[in-house]
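Going down the list, the sequences are from chains B and C.
Count along the first sequence from 1, add 1, and you get the number used in the working numbering.
Count along the second sequence from 1, add 1, and you get the number used in the working numbering.
Among the clues, some could well be false.
Where chains are identical, the list cannot tell them apart; a pair therefore holds if satisfied intra-copy or between any two copies.
Stated by the list, open to error - SDA-like cross-link-like pairs, simulated, lysine to any residue; straight-line CA separation at most 25 Å:
(1) LYS89 to SER112
(2) LYS34 to GLN126
(3) LYS56 to LYS282
(4) LYS200 to PRO174
(5) LYS237 to GLU178
(6) LYS251 to GLU293
(7) LYS12 to GLU211
(8) LYS229 to LEU310
(9) LYS34 to SER112
(10) LYS162 to ASN14
(11) LYS282 to ALA252
(12) LYS57 to ASN9
(13) LYS229 to PRO257
(14) LYS89 to VAL125
(15) LYS282 to ALA253
(16) LYS200 to THR190
(17) LYS5 to GLU311
(18) LYS279 to SER112
(19) LYS89 to GLN126
Read the hints as simulated data drawn from the structure, not as lab findings.
Protein chains: 2
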Amino acid sequence: MIQKLIENIKKTNAPIVVGLDPMLAYIPEHIKKAAFAEYGETLEGAAEAVWQYNKKIVDAVYDLIPAVKPQIAMYEQFGIPGLIAFQKTIDYCHEKGLVVIGDVKRGDIGSTSAAYATAHLGRVQVGSQQLTPFGEDFATVNPYLGTDGIRPFLDVCREEKKGIFVLVKTSNPSSGEFQDRLAADADGTRPLYELVGEKVAEWADSCMGETYSYVGAVVGATYPEMGKTLRRVMPKCFILVPGYGAQGGKAADLAPFFNEDGLGAIVNSSRGIIAAYKQEKYASFGAEHFPEASRAAVTDMIEDINKALERR
Amino acid sequence: MIQKLIENIKKTNAPIVVGLDPMLAYIPEHIKKAAFAEYGETLEGAAEAVWQYNKKIVDAVYDLIPAVKPQIAMYEQFGIPGLIAFQKTIDYCHEKGLVVIGDVKRGDIGSTSAAYATAHLGRVQVGSQQLTPFGEDFATVNPYLGTDGIRPFLDVCREEKKGIFVLVKTSNPSSGEFQDRLAADADGTRPLYELVGEKVAEWADSCMGETYSYVGAVVGATYPEMGKTLRRVMPKCFILVPGYGAQGGKAADLAPFFNEDGLGAIVNSSRGIIAAYKQEKYASFGAEHFPEASRAAVTDMIEDINKALERR
Numbered sequence: 002m003i004q005k006l007i008e009n010i011k012k013t014n015a016p017i018v019v020g021l022d023p024m025l026a027y028i029p030e031h032i033k034k035a036a037f038a039e040y041g042e043t044l045e046g047a048a049e050a051v052w053q054y055n056k057k058i059v060d061a062v063y064d065l066i067p068a069v070k071p072q073i074a075m076y077e078q079f080g081i082p083g084l085i086a087f088q089k090t091i092d093y094c095h096e097k098g099l100v101v102i103g104d105v106k107r108g109d110i111g112s113t114s115a116a117y118a119t120a121h122l123g124r125v126q127v128g129s130q131q132l133t134p135f136g137e138d139f140a141t142v143n144p145y146l147g148t149d150g151i152r153p154f155l156d157v158c159r160e161e162k163k164g165i166f167v168l169v170k171t172s173n174p175s176s177g178e179f180q181d182r183l184a185a186d187a188d189g190t191r192p193l194y195e196l197v198g199e200k201v202a203e204w205a206d207s208c209m210g211e212t213y214s215y216v217g218a219v220v221g222a223t224y225p226e227m228g229k230t231l232r233r234v235m236p237k238c239f240i241l242v243p244g245y246g247a248q249g250g251k252a253a254d255l256a257p258f259f260n261e262d263g264l265g266a267i268v269n270s271s272r273g274i275i276a277a278y279k280q281e282k283y284a285s286f287g288a289e290h291f292p293e294a295s296r297a298a299v300t301d302m303i304e305d306i307n308k309a310l311e312r313r
Numbered sequence: 002m003i004q005k006l007i008e009n010i011k012k013t014n015a016p017i018v019v020g021l022d023p024m025l026a027y028i029p030e031h032i033k034k035a036a037f038a039e040y041g042e043t044l045e046g047a048a049e050a051v052w053q054y055n056k057k058i059v060d061a062v063y064d065l066i067p068a069v070k071p072q073i074a075m076y077e078q079f080g081i082p083g084l085i086a087f088q089k090t091i092d093y094c095h096e097k098g099l100v101v102i103g104d105v106k107r108g109d110i111g112s113t114s115a116a117y118a119t120a121h122l123g124r125v126q127v128g129s130q131q132l133t134p135f136g137e138d139f140a141t142v143n144p145y146l147g148t149d150g151i152r153p154f155l156d157v158c159r160e161e162k163k164g165i166f167v168l169v170k171t172s173n174p175s176s177g178e179f180q181d182r183l184a185a186d187a188d189g190t191r192p193l194y195e196l197v198g199e200k201v202a203e204w205a206d207s208c209m210g211e212t213y214s215y216v217g218a219v220v221g222a223t224y225p226e227m228g229k230t231l232r233r234v235m236p237k238c239f240i241l242v243p244g245y246g247a248q249g250g251k252a253a254d255l256a257p258f259f260n261e262d263g264l265g266a267i268v269n270s271s272r273g274i275i276a277a278y279k280q281e282k283y284a285s286f287g288a289e290h291f292p293e294a295s296r297a298a299v300t301d302m303i304e305d306i307n308k309a310l311e312r313r
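Just chain B, with the same shape it has in the complex (with noise of 0.2 Å):
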């Protein structure tokens, strides 16, 4: 799958990563109505304006995007109903040509942690079948139970060439607080983040592609400065970017997550996509064509981005 991205970034010029983040908030009244007369003000209800409030955005951008991100919350909120809008979000996403990372978050150790591998990006043995969870094509997971909890999720990526991206520094503000620690050792004192970094680069010897690894990393566009270090530590691995733009990430800050080779980064928008409309910038579409406000908030965004390659 490490393969696929590569492809449809250089295919589309455009390394970025739709969020499909939906809040009940972003979706347009008449989108939610619709939803809501056919199912009522149930987890169904809701879940069914999401599915439609996707299925609109991602008809509008998947030709000038090569990958989405669902956020998995956003629809576990609505229960049962919500997961299968996720469902039908990423087969639907599959059905476009996209890599979808579901960014799931998820760790745990041994049996536990081969089960959310399985679930988000293996096979399950029923019997004499094999079956298709999820199916994303990336999962985003958490490091702090260490190799144990990682470990299970590289031999799903072997054995399917798909991939993780570890969270290393998150874009939040709060996220110094345990990942910015000064950690002591043999080799002398150094941040959590980049200790995890190593790690990271580790676990990604053992899972390559043909240049960039199946394991790769999440850090934070609010933070270019550790971008550039963790570049260097992890050179195989392609970084997993968010905060850009709603966070605060500027374009100018996002050089230094990317290789010489232009590759080796996505970043991720969210709700400066799917809620375009919402903006002052792009209000005069109306909350009726919320899909061409994401379309040129995506044109926007890519514009944004590859000036800012090109400048460095």
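With chain B held as given, fit chain C onto it using these hints.
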């Protein structure tokens, strides 16, 4: 819910929790055969086997225990049908008066973390309705992203009187890779798990029940010395202790996790209870009588732990 947990522990005199972590390999053939006959070798068939297995175990042990801890990964690996079995298990355990700890180890930031908190502990607003998604009483949470990731859970805990257990020191062999790193700050040098423990104690102070906080911690039975330190660092927190039994934790190691009042810890066993019939000790029950084997294993576990607590 921390009050209900304490009441249930006092009523049963059993500071334990049964981990409902079903793997198909644990489920007796006759259960699987019946499920596959009805639904085929499908995700639905697997989920039906899981649900029937859980139901029989819960029926056999519910009067002896205060709480259960379904591990969502084991359900998620069967996709949507698996998660429906997870939901049915939660609802059934509630009918039986049990406290339900959703072992979900979720962790994200801001609105995403809020969505996870809503999914597992809260209610979601859909139009004019407030609806309950999964509805567990407690959830396990990963701290790697810092306070930004925890605060939304605290808000929901206060509103719903529910609780969380934050991962501090996990039971697995490689948990030390990051959790044991010596971190330096103005107060000197101490391991990361202790810093995380200090943060958990702060969060706990802001979410107090009568004597204990809604905010607890996960500390593995396999690290009793660290348990002793963390007990001191987080005096108002219940500690959820995995790793007893199958992972090597002994009853004698458990005393440091409890407070003087005999409360403050709840010890989990999963495989050791739900697959008891596969152990030599309980093999005479046979696969047909697996629920009775589980009941015997629960009785033995309670006796084992209470003896160790009396000896201290």
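Hint by hint, where does the structure go against what was stated? Just the numbers, ascending. Result: no hint breaks.
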